[in-house]
Amino acid sequence: MEQVAMIMESGSEPLRFPCSSSQQRCWFIDSLDPGSAALNVALRWELTGIVTDETVERAFNTIVERHEVLRTRFVEIDGEPIQEVAPELRLKLSVIDLRHLPEERREGEARRLAEGEAQKPFDIHDLPLIRITLLRLADERASLLLTVHQIVFDGWSIRVIASEFGEIAAAYDAGRAHPLPELPLQYGDYARWQKEYLAVEAAKHELYWHEQLVRAPYLEVPGDFEKPARATHHGVILAEMLSREASDRMEEVARQLGVTPFALGCAVTVALLKRLTGHTDIVLGTQIAGRDETDLEPLIGVFINNLVLRVDTRHARSFSDLLARTNETVREALMHQAMPFHRLVELLNPPRDPARTPLISVNFTMLKEVLQYRQYGRFRLQGVPSLSAGSLYDLNFFVVKWRDGWRMAMEYNPDIFREDTARAFVALWRTAFERAIAEPDFSLDALVPPERSTPALVVSKMQAVEGGPSSPAADPVIEAALAEIWEELLQSGPLSSEADFFALGGHSLLAVRMLARVRERFGQRIDPLVLFDAPTLGQMARRLSTTVTPKAVAPSVDGGLKPWNIVSIQPHGSEVPIIAINNTLAYYNVARAIGTDHPFIGIQLFDPNTPQELEERSLVDVARDYVRVIRAARPTGPYVLFGLCVAGAIAYEAARQLEAEGEVVPLVILADTWRPGYLNELPARQRATFQRAYRWHVLKHHYAQWSAGQAELADVLASYPKIRRTGILKAAVRLGLIEDRLFNQEDWGNRWFLPVLERARDTYRPEAFGGRMVLLRSEEMISGGLGDDMGWNTVLPRHPDFHSIPGWHAEMFQGEGAQVIARYVRPRLREISMTLLSPSRQAAE
Numbered sequence: 001m002e003q004v005a006m007i008m009e010s011g012s013e014p015l016r017f018p019c020s021s022s023q024q025r026c027w028f029i030d031s032l033d034p035g036s037a038a039l040n041v042a043l044r045w046e047l048t049g050i051v052t053d054e055t056v057e058r059a060f061n062t063i064v065e066r067h068e069v070l071r072t073r074f075v076e077i078d079g080e081p082i083q084e085v086a087p088e089l090r091l092k093l094s095v096i097d098l099r100h101l102p103e104e105r106r107e108g109e110a111r112r113l114a115e116g117e118a119q120k121p122f123d124i125h126d127l128p129l130i131r132i133t134l135l136r137l138a139d140e141r142a143s144l145l146l147t148v149h150q151i152v153f154d155g156w157s158i159r160v161i162a163s164e165f166g167e168i169a170a171a172y173d174a175g176r177a178h179p180l181p182e183l184p185l186q187y188g189d190y191a192r193w194q195k196e197y198l199a200v201e202a203a204k205h206e207l208y209w210h211e212q213l214v215r216a217p218y219l220e221v222p223g224d225f226e227k228p229a230r231a232t233h234h235g236v237i238l239a240e241m242l243s244r245e246a247s248d249r250m251e252e253v254a255r256q257l258g259v260t261p262f263a264l265g266c267a268v269t270v271a272l273l274k275r276l277t278g279h280t281d282i283v284l285g286t287q288i289a290g291r292d293e294t295d296l297e298p299l300i301g302v303f304i305n306n307l308v309l310r311v312d313t314r315h316a317r318s319f320s321d322l323l324a325r326t327n328e329t330v331r332e333a334l335m336h337q338a339m340p341f342h343r344l345v346e347l348l349n350p351p352r353d354p355a356r357t358p359l360i361s362v363n364f365t366m367l368k369e370v371l372q373y374r375q376y377g378r379f380r381l382q383g384v385p386s387l388s389a390g391s392l393y394d395l396n397f398f399v400v401k402w403r404d405g406w407r408m409a410m411e412y413n414p415d416i417f418r419e420d421t422a423r424a425f426v427a428l429w430r431t432a433f434e435r436a437i438a439e440p441d442f443s444l445d446a447l448v449p450p451e452r453s454t455p456a457l458v459v460s461k462m463q464a465v466e467g468g469p470s471s472p473a474a475d476p477v478i479e480a481a482l483a484e485i486w487e488e489l490l491q492s493g494p495l496s497s498e499a500d501f502f503a504l505g506g507h508s509l510l511a512v513r514m515l516a517r518v519r520e521r522f523g524q525r526i527d528p529l530v531l532f533d534a535p536t537l538g539q540m541a542r543r544l545s546t547t548v549t550p551k552a553v554a555p556s557v558d559g560g561l562k563p564w565n566i567v568s569i570q571p572h573g574s575e576v577p578i579i580a581i582n583n584t585l586a587y588y589n590v591a592r593a594i595g596t597d598h599p600f601i602g603i604q605l606f607d608p609n610t611p612q613e614l615e616e617r618s619l620v621d622v623a624r625d626y627v628r629v630i631r632a633a634r635p636t637g638p639y640v641l642f643g644l645c646v647a648g649a650i651a652y653e654a655a656r657q658l659e660a661e662g663e664v665v666p667l668v669i670l671a672d673t674w675r676p677g678y679l680n681e682l683p684a685r686q687r688a689t690f691q692r693a694y695r696w697h698v699l700k701h702h703y704a705q706w707s708a709g710q711a712e713l714a715d716v717l718a719s720y721p722k723i724r725r726t727g728i729l730k731a732a733v734r735l736g737l738i739e740d741r742l743f744n745q746e747d748w749g750n751r752w753f754l755p756v757l758e759r760a761r762d763t764y765r766p767e768a769f770g771g772r773m774v775l776l777r778s779e780e781m782i783s784g785g786l787g788d789d790m791g792w793n794t795v796l797p798r799h800p801d802f803h804s805i806p807g808w809h810a811e812m813f814q815g816e817g818a819q820v821i822a823r824y825v826r827p828r829l830r831e832i833s834m835t836l837l838s839p840s841r842q843a844a845e
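By our numbering, the letter at position 138 of the sequence shown is numbered 138, and the numbering carries on one by one without gaps.
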């Protein structure tokens, strides 16, 4: 059951607040990788006993009503993020009943659903930023999946929302009002206070952090694979329980040593990094709760701040030596914690690299009693270890106290480390922990790093030497206008072409603000990551001076292929390529919205600009020719194929043929594509009813466009094939009644060969295909009571994913529609990337 949230009409205007420092960091990370699931907080709770679906949904809606931050989305004003709180928001619980499955299959299916839910992205510009799913496993046992975006939620919030849910649900189940008191303040009040506080307080700590980190190295544990050119944020969690003896003694040993359990765990992790890297200057990140006031404790929201710990281990021979130095570093960092991470990045202004997070690649945290095991009325609530939604870091170490002991977990990026390497890291980390608890004075040399094949060379983009042919000169008018924007934001004097944005003090938030003004001034939206490649005024001006259009690529293969046969719509990325059939220009915005991990290639069999007579052929034969061009672009798979309308049918048949030839085609994406032959299989009356409804639907749309002045009458008439064939439009042009131009230009360049392809589609009957299918349906398509699968269920091994996309037919690939498509497609692409080895990994293996 798909989850729905409704913004209730209350007549009240939404409230607006500044973003907190933690929210600003989340917002910037999202702007670099929109819709990334790495900022998801994905929780699993086990419910045993009696609790109804209605009670669960009502309890969560009460929590949303109590906490404004859960009704908050984020808007940009002059490049600045702002919190916007909806007056009311109603969540709809998604319920999936697994009791029909054999008992031995339920847990596996529940885990699969939990993994998918964890990696499903949010759009921080839209509500809701919280999702709830209830998996019914037995009559009195369920798994509750709670996913929240980190921009409104943190680790402390877990215990707050769990406690409130238990108290409220138990009260509603008993037929009484909930007992929770009104909150003393809301998150927006805190954000407003924090902005004023940090404006004064942060400056007091700048000297400490500058002296501590100004010459700090960027510490990385060498990976097994070359680091991707752009951060992928993929994550896998490996975990082990500390031995019962070590778990029982850890807090006691920490007290005896005069340190906190956090400092002890941090020192163990520093020891591990020292031994894995061979370095003595160890830099890692951590997070603090940031709730120093009692009034903040009952609030849901993101209060954490990221601290950077730099530990000098040069003279540490034993663990006790290292612990003393680590404890001192932690103590000093806490004394100077009133320095937001984004302000720290601005202060230090490190070199920018899209493959790396600023300042730190390794993180350590410790959480205690995240969720208590408690009885609430007729049900019990218990936490279950979470699944990875993705990671911001190469390695993220975290230790969590559960009822049965301390759980050590490490999240690693599988695009950087092999699984066997990661498991060896966890084993050595656990050994270090248990040695530190049993024998705090042990020699660090006793920690023997695992033997590894030669790790990949760590080369940062900031170290690379630029080369290649020179770029064309910038338009002087554009460069002058861009200089005005830079000079105002950077508060500088006149700038030369060589002026570097970051060297002049530009930072992440200023960068996004600058690009927002560029968008207003020039009408071009530029990815923030462009600044990494074009940081100078002249380089950025040259980017703006060049009209951004898909670039045709002439393949160096035999067979008489022309440059227009293979079009590189988005050339970057090393993941599975997305190959679109026809309609090449229409896909440009979709390709940009999906991002640069996956190359996006357009395949055309016919030159749109050279109409000619075509012989009648079967769609199977036509698809075979497309497969030849696909193999010219990419000789071997895996492939993801994409097609609109009749091109969708070609994409499906091409996928079948590639699969029959032994290639892997894990996914086809079809837009506005009914299964060929499906409508003709319907009973005559049902088919006629649907066709009348569809014609009326199209007519209403065209009339609305014409009435609103969004389309001229000639364009509306040109959309009907019968009218085009009569020659009325050409006669009207000759009489001077209408302008001499192409009418209804949507996909017009492809129309000369469409009739032949449509006739081939109409006689085509698809056979089975083994991969997955994503179905996109624009506002043009209506189901008419025929179901959302558009007839494809009968030839697929599993039900296709179905998504409604705003926009009319090919217009769904533009504007909001492109973003929505990307939001739905990216999770499937991530699944594919996690399942299939990339070429670099295959070579390594």
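Please note: incorrect hints may appear among the correct ones.
Now the in silico label distances, taken between C-beta atoms and shown as ranges [said to hold, decoys possible]:
#1 240 <-> 141: 22 to 30 Å
#2 240 <-> 628: 27 to 35 Å
#3 334 <-> 253: 18 to 26 Å
#4 628 <-> 795: 19 to 27 Å
#5 54 <-> 795: 36 to 44 Å
Since the hints were derived computationally from the structure, they do not count as laboratory data.
Only a predicted model underlies this, so the values are computations on that prediction, with no experimental measurement involved.
Beta carbons: idealized from backbone N, C-alpha and C, even for Gly.
Status of the hints after comparison with the structure:
The hinted range of 22 to 30 Å is satisfied by residue 240 and residue 141, whose Cβ atoms lie roughly 27 Å apart. Hint check: residue 240 to residue 628, Cβ distance near 51 Å, so the stated range 27 to 35 Å is violated. Take residue 334 and residue 253: their Cβ atoms lie about 21 Å apart, and the range 18 to 26 Å holds. Here the CB-CB span from residue 628 to residue 795 is close to 24 Å, well matched to the stated 19 to 27 Å.
Taken as a hint, the range 36 to 44 Å holds for the pair residue 54 and residue 795, whose Cβ atoms sit roughly 39 Å apart.
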